[in-house]
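Q: Here are the chains, one letter per residue:
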Amino acid sequence: MNEKRIENPIWYNEEKTQIICNMINGSGRFTAVVTKSEDGSNPDWDMIVAKYTNQEIDDNTQKNKNNIERIKNQKFEEYKLQVDKSQKEALFNVKAEAFEIDLIKNSSNRELKNKLRRSKSILEAQILASILYKEELEKVK
Amino acid sequence: MSGENNGFVYVASLSKAYYKAAIRSAVSLKDNFPQAKMTLFTHEEFVDESDVSLFENIITGIPVHIRSKMYGIARSPYDKTLYLDSDTEIYSDEIKNIFDLLEDYDIKFSPIISHVSKSRQINDDNQLEYHGGVILYNNKPLTINLINDWYELYLQQITEKWHLSKFKDFNPSMQPWDQFTMWYLLHCVDKYKQIKSGFIDQGNIKWNYIYLLEDKDNPKNDQYKHIDPVIYHYTIPRKIVDEGSIIKPPGSPTDIR
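Chains as they are written, first to last, in my numbering: chain A, 131 to 271; chain B, 213 to 469.
Derived by calculation from the structure, the hints in this document are not laboratory data.
Hints are supplied without guarantee of correctness; some may be wrong.
Simulated pairs of lysine-lysine, PhoX-like, Cα-Cα distance not exceeding 25 Å [stated by the list, open to error]:
# : chain 1 : residue 1 : chain 2 : residue 2
1 : B       : LYS432    : A       : LYS218
2 : B       : LYS437    : A       : LYS210
3 : B       : LYS378    : A       : LYS218
Not close to chain A: a few residues of chain B, all C-beta gaps over 10 Å, as computed [unchecked claim]:
#  : residue
4  : LYS232
5  : VAL239
6  : SER240
7  : ASN244
8  : SER262
9  : ARG287
10 : ASP291
11 : GLU301
12 : TRP374
13 : VAL401
14 : LYS451
The C-beta atom is built at its ideal place from N, Cα and C for all residues, glycine as well.
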């Protein structure tokens with residue numbers, strides 16, 4: 131029952147003298163780094179190379195690299211989407227708040243108001259809202 | 213054109229966020245078309261006094277329902293009407309030409325752009341084509357009947373078991389879509405086969421430019437990048453809709469007649 135098993139061995143260094151793998155024994159499942167010993171006295175290493183060929187470990191290593199790359203890309207895409215969504219919401223809020231200011235809402239400068247509606251960044255929206263506000267404020271004076 | 217009483221209809225229900233969006237849209241419409249006549253259908257508790265002068269009419273007491281827009285559409289006081297979703301903005305004074313685009317049609321819609329909408333396959337031969345966010349129509353009795361039936365049939369569509377309903381031969385994924393109800397009425401109900409329907413301006417999407425078309429990373433958007441929108445259609449962030457004084461549907465006022 132306590133027989134040791136090895137799963138998913140992949141190279142841990144470029145020299146291929148270390149392998150990282152899942153090791154399962156009586157106390158559970160854990161990750162282990164197994165190092166090839168000069169005198170051939172590491173039974174775990176012997177067990178791995180007896181079960182897996184170099185080619186199989188190469189293939190596992192490549193598969194693992196691909197997986198890491200895929201997850202990294204996926205995470206990056208999710209992050210980009212989240213940032214994009216947050217920026218869009220922030221831009222929406224800036225424009226909505228600007229048009230709730232009566233001086234801007236009721237301004238007769240249609241051209242600038244249309245520019246504010248079409249603005250694509252928070253900075254642009256803020257600048258245009260400020261110009262409109264100042265312009266209307268001067269009219270009031 | 214002369215002597216016609218044409219105008220615009222907005223409907224804002226369920227969340228104050230829709231009301232505020234409708235006000236912004238109405239201000240943008242007035243900026244670009246100062247003579248525009250507008251009617252807003254909404255809930256009394258949403259109305260701010262400072263907005264009243266924007267509209268020719270503000271009609272309250274509308275049903276509390278996600279599709280109460282059909283209630284407002286059917287009750288337009290105008291000869292020719294452009295219904296606009298609340299989350300739209302007018303970007304250009306070309307809007308003043310909109311009523312001429314109805315020509316001799318009874319009702320016109322903007323097209324659904326497939327890559328920015330969910331799958332809309334009705335059956336092997338048909339798919340949804342009409343977008344419900346911008347609708348141009350006349351006030352002939354048959355057109356108004358169509359819109360009233362749209363609401364009633366839609367309620368039936370979303371509440372009945374699909375496989376036991378009159379819609380059972382169509383894709384069950386159509387169940388939540390009011391555009392399907394309109395398609396069904398126009399294509400499967402005899403009395404509405406004489407309704408002349410089509411696309412606004414041959415389907416030119418400047419009349420309902422969906423914000424997702426701005427995404428430069430999507431190569432399918434390339435063909436739309438030179439379009440200068442007249443009507444820009446965004447989506448209010450969900451969080452803002454949810455925060456905006458939601459009126460809970462009581463579940464009863466579904467009969468709008």
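Q: Would you mind marking each hint as holding or not holding in the structure?
A: For each hint, the structure was consulted:
Between B:LYS432 and A:LYS218, the direct Cα distance comes to roughly 21 Å. Compliance with the 25 Å bound is thereby established for this hinted pair. Of the pairs offered as hints, the one joining B:LYS437 and A:LYS210 holds, with about 22 Å between alpha carbons and a cut-off of 25 Å not exceeded. For the given pair, B:LYS378 sits about 42 Å from A:LYS218 by alpha-carbon distance, which is inconsistent with the 25 Å threshold. Not every CB of chain A lies more than 10 Å from the CB of B:LYS232, the least distance being 7 Å, so the non-interface label is violated.
B:VAL239, annotated as away from the interface, has a beta carbon of chain A within 10 Å; the closest lies near 6 Å. At roughly 6 Å, the least C-beta separation between B:SER240 and chain A is not larger than 10 Å, which violates its mark as non-interface. B:ASN244, annotated as away from the interface, has a beta carbon of chain A within 10 Å; the closest lies near 7 Å. The Cβ of B:SER262 does not lie farther than 10 Å from every Cβ of chain A; its closest approach is about 7 Å, which violates its non-interface assignment.
For B:ARG287, the requirement that its beta carbon stay farther than 10 Å from each beta carbon of chain A is met, with the minimum near 27 Å. Once the 10 Å rule is applied to beta carbons, B:ASP291 is consistent with being away from chain A; the minimum gap is 27 Å. Distance check on B:GLU301: its Cβ comes as close as 5 Å (rounded) to a Cβ of chain A, failing to clear the 10 Å threshold; non-interface status is violated. Residue-level check passed: B:TRP374 sits 33 Å from the nearest beta carbon of chain A, beyond 10 Å.
Against chain A, the non-interface label of B:VAL401 holds: every CB pair exceeds 10 Å, the least being about 40 Å. Against chain A, the non-interface label of B:LYS451 is violated: not every CB pair exceeds 10 Å, the least being about 7 Å.
Going through the hint list in order, the structure does not satisfy hints 3, 4, 5, 6, 7, 8, 11 and 14.
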